[in-house]
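Each chain, written out:
Number of protein chains: 2
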Amino acid sequence: MVGRNAFYAQSGGVTAVINASACGVTQAARENSDSIGNVIAGHNGIIGALTEDLIDTSLESSDAIAGLRYTPSGAFGSCRYKLKGLDENLAEYERLLAVFKAHDIGYFFYNGGGDSQDTTSKIAQLSHQRDYPLRCIGIPKTVDNDLPITDNCPGFGSVAKYVAVSIREAGYDVASMSKTSTKVFVLEVMGRHAGWIAAAGGLAHEQEGEAPHLILFPEITFDESDFIQRVDACVARHGYCAIVVSEGLRNASGKFVADSGLRDAFGHAQLGGVAPVIAGLIQQRLGLKYHWAVADYLQRAARHIASKTDVEQAYALGRAAVEMAIAGKNAVMPTIERVRDDPYEWAIGEARLEDVANVEKTLPRDFITEDGYGITESCRRYLSPLIAGEDYPPYRNGLPDYVRLQNAPLAKRLDTTFELD
Amino acid sequence: MVGRNAFYAQSGGVTAVINASACGVTQAARENSDSIGNVIAGHNGIIGALTEDLIDTSLESSDAIAGLRYTPSGAFGSCRYKLKGLDENLAEYERLLAVFKAHDIGYFFYNGGGDSQDTTSKIAQLSHQRDYPLRCIGIPKTVDNDLPITDNCPGFGSVAKYVAVSIREAGYDVASMSKTSTKVFVLEVMGRHAGWIAAAGGLAHEQEGEAPHLILFPEITFDESDFIQRVDACVARHGYCAIVVSEGLRNASGKFVADSGLRDAFGHAQLGGVAPVIAGLIQQRLGLKYHWAVADYLQRAARHIASKTDVEQAYALGRAAVEMAIAGKNAVMPTIERVRDDPYEWAIGEARLEDVANVEKTLPRDFITEDGYGITESCRRYLSPLIAGEDYPPYRNGLPDYVRLQNAPLAKRLDTTFELD
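Just so you know, the sequences run in chain order X and Y. Residue numbering for the first sequence follows my numbering, beginning at 1 and increasing consecutively. Residue numbering for the second sequence follows my numbering, beginning at 1 and increasing consecutively.
Fair warning: there could be bad hints in the mix.
The list that follows gives simulated cross-link-like pairs (lysine-lysine, BS3-like), each with its CA atoms no further than 30 Å apart [unchecked claim]:
1. K101(X) x K84(X)
2. K82(X) x K361(X)
3. K361(Y) x K255(Y)
4. K361(Y) x K179(X)
5. K289(Y) x K329(Y)
6. K82(Y) x K289(X)
7. K308(X) x K361(X)
8. K101(Y) x K179(X)
9. K84(X) x K84(Y)
10. K289(Y) x K255(X)
11. K82(Y) x K179(X)
12. K82(Y) x K308(X)
13. K255(X) x K289(X)
14. K179(X) x K84(Y)
15. K179(Y) x K412(X)
16. K101(X) x K179(Y)
17. K289(X) x K179(X)
18. K255(Y) x K289(X)
19. K412(X) x K329(X)
20. K82(X) x K179(Y)
21. K289(X) x K84(Y)
22. K101(Y) x K289(X)
Pair by pair, the computed Cβ-Cβ distance ranges are [stated by the list, open to error]:
23. D342(Y) x S58(X): 18 to 24 Å
24. R338(X) x D371(Y): 26 to 32 Å
25. V2(X) x Q207(Y): 54 to 60 Å
26. E370(X) x D223(Y): 51 to 57 Å
27. E94(X) x G209(Y): 32 to 38 Å
28. R338(Y) x D34(X): 56 to 62 Å
One side only, chain X facing chain Y, incomplete, derived with CB under 8 Å [as the list claims (entries may be wrong)]:
29. Y172
30. A175
31. S181
32. C234
33. G273
34. L288
35. H291
36. A301
37. I305
38. S307
39. G398
40. Y402
If you are wondering where the hints come from, they were derived from the structure by calculation, not from laboratory data. In this text the structure is predicted, and so the values were computed from the model without any measurement. Every residue, glycine too, gets a C-beta built ideally from N, C-alpha and C.
So here's chain X without its partners, still in its complex pose (with noise of 0.2 Å):
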């Protein structure tokens, strides 16, 4: 007996992990093919599905999805595309119905986060409204690591390690400059409204004097002044200073620090970018030479230097998925628990989707210290086992041999198209 169908789409911004899920849900679906026939996956995420551009996973060999483990990116293709609420556009609900009920999709894995957790929940109401048999299991996935319930989400713990790894490496580089040269370093980094990723880069600061110095959070309002002193104080004590920032840090009227300060050669506001406005203010207020680095799509494609923990869990919860759905649960998403900290032990637990759309988790205030710049002891606590461990791809031609799927379309059984709104 063959199962009925599985559909898996990726969404959002793709992580170094989301792969392993995609394994993990490919792997333990093919170990269970009496529950689960093909994996079906949305080409290009959610948009796949609207447009029955459907992927044929039966087609790739186990070595291809064995690869999926060690590959970064969305192997899929990924989406950033936001389904409205059921009232607002219900024909996009009815459409993916409809493509599910074409190819017999019994099965519905959605991996991304907090919003494609709200789209998997609307539509395991409507299949239960409508009397579509179809179980729906979100598996969480953010670099930005701001998912409620869940312990952490796959995706931070890999740019976490990046980013701590980077702003290490990068404090001995300048400290072996600064007697005649760069005094100052910036790195800027993603997390948004969430400072989870720059708190990452105060792990590498295990000893006093050791970089990062300072830490700019999105949570604290940005101080120049009180700032600019503390750099001044920093290099006069270690000789240089080692400043992760960001990208979401505001100032005192709430507006982006990045938006503040870089015009191009017409005048427009340049986007992105505020680690060379916070290296640019230092050179004006205290005449220090600096260097900056944009981390950007670097820090969270960065398989090569995953966190093995982050791999092990990201692989976990997709298979987790699978057999939450095969033992016949519905609108829920595993999750990750910590049982201990050290040493860290974790399992698997499971939330209500309706309890995870939509709700941002921040930084908890204790978790930086209280002059803002930095992070605590229980911050600490909390994020270190989840950069621990190296889980290195294999290497051709001094490379990370990656994989690429064949992507073989499904063939097309309805007979209508969609237009995307």
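Keeping the supplied structure of chain X fixed, place chain Y upon it in accordance with the hints.
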């Protein structure tokens, strides 16, 4: 019998592997204590010699010295300080000899780029003129890979690997997002006037369609219209476009493109950052969504993803310098000689310092494709072995466990001080 002391200093921008050379020097010297006494290091490079700010490396444990092999940056401190010509500032050279004499230094090892080899050559001349017995050996180092005679320069292979790995990973990321989001990604890399590092990005492009799609070299004048057309065509064909741009890119009037764009809030030109200029240009001309990254020091400090070939060569050159000195050689620099491309074989060669000093080796035109945006097969054949192999550092708490030396100061023996020029 104990030999005379050796002086070792690090010069210019540091790298992921310059400490591997320091490791080779120190270990080889310790193994040959009948020929070489203590290795005395300059604190912050040659400035340490001029100001008699010297480090007693005999107090470092053999474990700490071994740890230099996997620790990026300059463990004794480096500096950007170029000694003038013998005619222009003889006092500096006299001072160096006075310090060397006071500390019974019979060997001078200077680890740096072209300027440093020039300095080493001049010190060899002067000590000969003054009948002060000193064997002067240069040790090559520069991420820019622009020294002549040697097949390549330690430090380059690891930056090359970092850049190739990073653009591959970012390319995977953008490919998966391009349907609805970012279509263009721009990575800025180092290299000053030489396109070696930019060319290394091209190693990631192993198959048609893979990132990077376009490389902007400092050797090729930037032609805005032609470039924009190619970006447009690339997005039409592949859905996205990943670009590597060298910081040294110039336009037809010879100006750095980096200087032509961004202004700070006060209208001052913003130094550094050719990537945002290129990305902004694409946005203006094609209206495509973009992201950009500036890796800056992260690329040259990235010991976590160092090339094994590079680490081995840096270490071997340090040892070879000591062996040459013991063998009575003077005013030479050990080099890398390529024996064979594939399978790659190399040996240690030898160059006269006067042949190395002040000669800049730029990327040959036939290493760049005719259209000016890619690398040729001969370039790939040259570069590929230099990024081969991984040489991971040990980790603790999820972070590379790099060493910090004690850097204990050696007691001063001169009662005169020296003012730096």
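Consistency of the hints with the structure:
Distance restraint check for K101(X) and K84(X): the Cα-Cα separation of roughly 21 Å lies within the 30 Å cut-off, and the hinted pair is therefore satisfied. Our distance criterion of 30 Å between C-alpha atoms is met by K82(X) and K361(X), whose separation comes to about 20 Å. The straight-line distance between the Cα atoms of K361(Y) and K255(Y) is roughly 21 Å, inside the 30 Å bound, and the hint therefore holds. Distance restraint check for K361(Y) and K179(X): the Cα-Cα separation of roughly 29 Å lies within the 30 Å cut-off, and the hinted pair is therefore satisfied.
The straight-line distance between the Cα atoms of K289(Y) and K329(Y) is roughly 58 Å, outside the 30 Å bound, and the hint therefore fails. Annotation: proposed proximity of K82(Y) to K289(X) holds, straight-line Cα distance about 18 Å (limit 30 Å). Annotation: proposed proximity of K308(X) to K361(X) holds, straight-line Cα distance about 24 Å (limit 30 Å). Distance restraint check for K101(Y) and K179(X): the Cα-Cα separation of roughly 25 Å lies within the 30 Å cut-off, and the hinted pair is therefore satisfied.
At roughly 69 Å between alpha-carbon atoms, K84(X) and K84(Y) are farther apart than 30 Å, so this suggested pair is violated. Among the hinted pairs, K289(Y) with K255(X) is consistent with the structure: their alpha-carbon atoms are about 22 Å apart, no more than 30 Å. Proposed proximity of K82(Y) and K179(X) is supported: the alpha carbons are some 14 Å apart, at most 30 Å. With a CA separation close to 45 Å, the supplied pair K82(Y) and K308(X) exceeds the 30 Å bound.
Taken as a hint, the K255(X) and K289(X) pair is honoured in the structure, with Cα atoms around 27 Å apart against an allowance of 30 Å. Proposed proximity of K179(X) and K84(Y) is supported: the alpha carbons are some 19 Å apart, at most 30 Å. Simply put, K179(Y) and K412(X) have alpha-carbon atoms about 20 Å apart, close enough for the 30 Å limit, and the pair holds. Of the pairs offered as hints, the one joining K101(X) and K179(Y) holds, with about 25 Å between alpha carbons and a cut-off of 30 Å not exceeded.
At most 30 Å may separate the alpha-carbon atoms for a hinted pair to count; K289(X) and K179(X) meet this at roughly 11 Å. Between K255(Y) and K289(X) the CA atoms are separated by roughly 22 Å; this keeps the pair inside 30 Å, and the hint holds. Between K412(X) and K329(X) the alpha-carbon distance is near 29 Å, which keeps this suggested pair within the 30 Å criterion. Note on K82(X) and K179(Y): the hinted pairing holds, with a Cα-Cα distance of about 14 Å set against a maximum of 30 Å.
Restraint check: the Cα-Cα separation between K289(X) and K84(Y) comes to about 23 Å, which is no more than 30 Å; the hinted pair holds. A hinted pair counts as satisfied when its Cα atoms are at most 30 Å apart, and K101(Y) with K289(X) does not qualify at roughly 35 Å. Against the hinted window of 18 to 24 Å, the Cβ-Cβ separation of D342(Y) and S58(X) comes to about 39 Å, which falls outside the hint. Range check, R338(X) to D371(Y): Cβ separation about 54 Å, and the 26 to 32 Å hint is violated.
As the Cβ distance of V2(X) to Q207(Y) is approximately 36 Å, the hint placing it in 54 to 60 Å is violated. Between E370(X) and D223(Y) the CB atoms are about 54 Å apart, so this pair conforms to the stated range of 51 to 57 Å. Remark: the range hint 32 to 38 Å for E94(X) to G209(Y) is upheld by a beta-carbon distance near 36 Å. Distance hint for R338(Y) and D34(X): a CB-CB separation of about 58 Å, consistent with the stated range 56 to 62 Å.
For Y172(X), the interface hint holds, the least distance from its beta-carbon to any beta-carbon of chain Y being 4 Å, beneath 8 Å. Using the Cβ-Cβ criterion of 8 Å, the hint placing A175(X) at the interface with chain Y is satisfied: the shortest such distance is roughly 7 Å. Checking S181(X) against chain Y by beta carbon gives a least distance of about 5 Å; that is within 8 Å, so the hint holds. Contact between C234(X) and chain Y, as hinted, is not supported at the beta carbon level, the nearest pair being about 17 Å apart and thus beyond 8 Å.
Taken as an interface hint, G273(X) checks out: its beta carbon lies about 6 Å from the nearest beta carbon of chain Y, inside 8 Å. A least Cβ separation of about 13 Å between L288(X) and chain Y goes past the 8 Å threshold, and the interface hint is therefore violated. This hint holds: H291(X) has a C-beta 5 Å from the nearest C-beta of chain Y, less than the 8 Å allowed. Taking 8 Å as the C-beta contact cut-off toward chain Y, the hint placing A301(X) at the interface holds, the least distance being around 4 Å.
Among the interface hints, the one on I305(X) holds; its C-beta lies about 6 Å from the nearest C-beta in chain Y, closer than the 8 Å criterion. A cut of 8 Å between beta carbons decides the hint on S307(X): the least distance to chain Y is about 7 Å, and the hint holds. About 4 Å separates the beta-carbon of G398(X) from the nearest beta-carbon of chain Y, less than 8 Å, and the hint is met. At its closest, the beta carbon of Y402(X) sits 6 Å from a beta carbon of chain Y; the interface hint therefore holds under the 8 Å criterion.
Hints 5, 9, 12, 22, 23, 24, 25, 32 and 34, counting from the list given before, are not met by this structure.
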